[in-house]
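Colleague: The listed protein sequences derive, respectively, from chains A and B. Going by my numbering, the first residue of the first sequence is number 786, and it counts up by one from there. Going by my numbering, the first residue of the second sequence is number 786, and it counts up by one from there.
Worth flagging that the hints you see were computed from the coordinates, not collected in a lab. All values derive from a computational prediction rather than experimental measurement. Ideal Cβ positions, reconstructed from N, Cα and C, are used throughout, including at glycine. Hints are not guaranteed to be accurate.
Unchecked claim - Dumping the calculated DSBU-like pairs for lysine-lysine here, alpha-carbon to alpha-carbon at most 30 Å:
id : chain 1 : residue 1 : chain 2 : residue 2
1  : A       : Lys791    : A       : Lys1178
2  : B       : Lys861    : A       : Lys839
3  : A       : Lys1155   : B       : Lys839
4  : B       : Lys861    : A       : Lys1178
As the list claims (entries may be wrong) - Per label pair, the in silico range of CB-to-CB distance:
id : chain 1 : residue 1 : chain 2 : residue 2 : range
5  : A       : Ala1032   : B       : Thr982    : 31 to 41 Å
6  : A       : Arg919    : B       : Asn1015   : 52 to 62 Å
7  : B       : Asn1015   : A       : Gly823    : 43 to 53 Å
8  : A       : His1016   : B       : Gly983    : 44 to 54 Å
9  : A       : Glu883    : B       : Ala954    : 35 to 45 Å
10 : A       : Lys861    : B       : Pro1094   : 26 to 36 Å
11 : A       : Asp827    : B       : Lys791    : 20 to 30 Å
12 : A       : Glu1083   : B       : Ala1032   : 48 to 58 Å
13 : A       : Glu928    : B       : Pro855    : 36 to 46 Å
14 : A       : Glu928    : B       : Leu1013   : 41 to 51 Å
15 : B       : Gly983    : A       : Leu1013   : 29 to 39 Å
2 protein chains.
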Amino acid sequence: MTDFAKTRAMFDIPEGVTYLNGNSLGPLPSAAKARVAGVVADEWGELLIRGWNKAGWMAQPAVLGDRIAPLIGAPKGSVMVGDTLTIRVYQALSAALELVPDRRVILSDSGNFPTDLYMAQGLIGTLGDGYELRVVAPEEVSEALDDSIAILMLTEVDYATSRLHDMAALTARAHAVGAVTVWDLAHSAGAIPIDLTGTNADFAVGCTYKYLNGGPGAPAFIYVRPNLQNHVRPALSGWLGHAAPFAFEQDYTPAEGIARMRIGTPSVLGMAALETALDVWEGVSVETLRHHFITLSELFIAEVETRCPDLTLASPRDPAQRGAHIALRHPQGYAIMQALIAEGVIGDFRAPDVMRFGFTPLYLGEGDVKRAVDVLERVMRDRLWDREEFRVKAAVT
Amino acid sequence: MTDFAKTRAMFDIPEGVTYLNGNSLGPLPSAAKARVAGVVADEWGELLIRGWNKAGWMAQPAVLGDRIAPLIGAPKGSVMVGDTLTIRVYQALSAALELVPDRRVILSDSGNFPTDLYMAQGLIGTLGDGYELRVVAPEEVSEALDDSIAILMLTEVDYATSRLHDMAALTARAHAVGAVTVWDLAHSAGAIPIDLTGTNADFAVGCTYKYLNGGPGAPAFIYVRPNLQNHVRPALSGWLGHAAPFAFEQDYTPAEGIARMRIGTPSVLGMAALETALDVWEGVSVETLRHHFITLSELFIAEVETRCPDLTLASPRDPAQRGAHIALRHPQGYAIMQALIAEGVIGDFRAPDVMRFGFTPLYLGEGDVKRAVDVLERVMRDRLWDREEFRVKAAVT
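This is chain A alone, in the form it adopts within the complex (with noise of 0.2 Å):
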């Protein structure tokens, strides 16, 4: 059994607040504020050039990936940090397209990520004629898959819903048409078992600034499936993937293995503190994480319905069709999650209706729970929401 006590305590959570946005950026790890503070102070400012090698800055990327793989089910050497996750997406896409060099379409669903979208769409305008992303609603995609497809690209937890794709029954029903897969895992790492492994995903990228807590902007990740990692050419092919980036040719070999996702010079602050970040996992068993995680859910759930009515449920009632959020429907949702969070109680909104509340059991308890159910119900009650400050949109919502 994991004992959450011990990893709540590893987290900063500002007094007064019930945080239930770790969907969209995890609280901070304690210790990250000294690990930060020494990478600054006593590898940049001491080690100065030579930090690269003594303070093991150039192996980082790597040896991240490997702490982040057994999260996502997926062996040693699979798994490279750093970059964003849109620049990822491309990485992916662009090497999944030239796998099946005889198809043109891309297949993707309505409640994909739009960076997602965007990046394919990006990619084709460079392909040219005859490249097309093909996007069906998330429910229609098994039958979608056909052999014109040559990559299938599923965000697996929606970013607005929670809904749960079935990532080993689409990989299985894609592989059997002769398509590539790639998983956008950004709701998932962190949030529910994955086995890439198992199910045989070809690629799969991340973000590990979600349920992973790596800090605001902090690196990417991205797996490729050891067999087919020596086949893979990457379209940014940058030196740090080269097979010998300190020999300074003039032509790319790419490295051998997942090195070669690689691409240039990797934020190190960014690094450092998703290295505390992934300590709090140590011992931490997702599927303990995700049992707990349907228990607060549930319970979450089961008050709302019954304080709020007129609040909707936008996630699946199913605990097994769903990630680690909840979402709720309102017209005036952008207002309420405004006036909740006045109250101390942080979740977060995406257009047009959307309010998300994240139950990531590593730092949140019933306790949590009940106190948000508490505030939102008075929010609703008493139409705290209903006030012109509320209403104006702020850059980022």
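Given the coordinates of chain A, work out where chain B should sit on it, guided by the hints.
Modeller: Only chain B this time, still in chain A's reference frame:
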């Protein structure tokens, strides 16, 4: 007259170290310690997700771009910060190529930093038949510019030898034959005066961890000539370059202006360090800096040539023809550099035989130059480099 005593006091340089490697990684601006700690504890820790608005994280890439702009002769609204230099090269190349759709050749030189050549190769691999990367010797670039050339891609200051290209003349020549220019300012920004507006350069990219002292893996930047910006299609069409990122539309619509060169979620910790690094530049004239650099480097060359006859100058002798580092050649360059570092004089080595010494007056004076040559003379005279431990190459050289 810029007061460099003031800027020197703004850096942490370890006791006993003469740091001549700001051309690879600038030293720590003292204020970065408190700033980064504040972003971690007070912004991430206290504001949590609200930091994107309340702490200005979302605006930072453009704000920092506008602060870099005057250092490279660019107007406000023309520079965007984020991602790595390697990614920015790809972004610039792919956008530039589409501006000249009837041409297929990217022209570069053999002195370019390899990652620039690799990214061109990677992009060409995606574009398919007919595209070509043509690499000529640096002195042959001008002659190689003809009406087959789509893109002229050059690094202004050679990373190894410090040889400086004539940006104004080559840009004019490129434009005369209908080519678009992509300038890599990795070894120029903060090192030499640059006039992107005056030279009419089309695209420029650069990093901030060298002469701008932004820290290890600090974010890169891209410049797009203002009247080109709205004609550019971003191949790396990430959600934060969308006209309305938080509308979560399914189709990509580029933002107006330089904002379309944003890609994904930026590294907030990396930007915080860069912010304090740019504070050092307030009131600093790059022209004055250049004048002092020349004084320091001329002193270095004169002393080395007098006292270390076995070393060969690999940089142009005319200071007007070089950037802000000096390169010396020796067959045992690697071991010599290790011996220097062991004695507290930190430069770096680039295969096969180049030792690099960077001289930015922001934190270096004549005393540092003299101390460095004293040590170098001793290392050469007493053959201090001739030890087994200095010959074993580290992962990063």
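Colleague: Is 43 to 53 Å respected by the C-beta to C-beta distance linking Asn1015 (chain B) and Gly823 (chain A)?
Modeller: holds, 45 Å
Colleague: Within 30 Å, alpha carbon to alpha carbon, are Lys1155 (chain A) and Lys839 (chain B)?
Modeller: Judged against 30 Å, a Cα distance of about 28 Å means the pair holds.
Colleague: Checking one constraint from the list: CA of Lys791 (chain A) to CA of Lys1178 (chain A), max 30 Å. Satisfied?
Modeller: Not OK: Lys791 (chain A) and Lys1178 (chain A) at ~38 Å, beyond 30 Å, violated.
Colleague: Given the hint of 35 to 45 Å, check if Glu883 (chain A) and Ala954 (chain B) actually sit that far apart at their C-beta atoms.
Modeller: holds, 40 Å
Colleague: Can you tell me whether the CB distance of Glu1083 (chain A) to Ala1032 (chain B) sits inside 48 to 58 Å?
Modeller: violated, 32 Å
Colleague: So does Glu928 (chain A) sit 41 to 51 Å from Leu1013 (chain B), Cβ to Cβ?
Modeller: The hinted range 41 to 51 Å holds for Glu928 (chain A) and Leu1013 (chain B), with Cβ atoms some 44 Å apart.
Colleague: Should the hint that His1016 (chain A) and Gly983 (chain B) are 44 to 54 Å apart at their CB atoms be regarded as holding?
Modeller: holds, 48 Å
Colleague: Are the Cα positions of Lys861 (chain B) and Lys839 (chain A) separated by 30 Å at most?
Modeller: It is violated: about 39 Å lies between the C-alpha atoms, which goes past 30 Å.
Colleague: Falls inside 52 to 62 Å, the C-beta gap from Arg919 (chain A) to Asn1015 (chain B)?
Modeller: About 29 Å separates the Cβ atoms of Arg919 (chain A) and Asn1015 (chain B), which means 52 to 62 Å is violated.
Colleague: Look at the Cβ atoms of Ala1032 (chain A) and Thr982 (chain B) and judge whether their distance stays inside 31 to 41 Å.
Modeller: Taking Cβ atoms as reference, Ala1032 (chain A) and Thr982 (chain B) lie about 37 Å apart, which means the hint holds.
Colleague: Starting from the range 26 to 36 Å, see whether the pair Lys861 (chain A) and Pro1094 (chain B) falls in it by beta-carbon distance.
Modeller: violated, 51 Å
Colleague: Starting from the hint 29 to 39 Å, judge whether the C-beta atoms of Gly983 (chain B) and Leu1013 (chain A) obey it.
Modeller: violated, 49 Å
In summary, the structure is inconsistent with hints 1, 2, 6, 10, 12, 13, 15 from the numbered list given earlier, while agreeing with the others.
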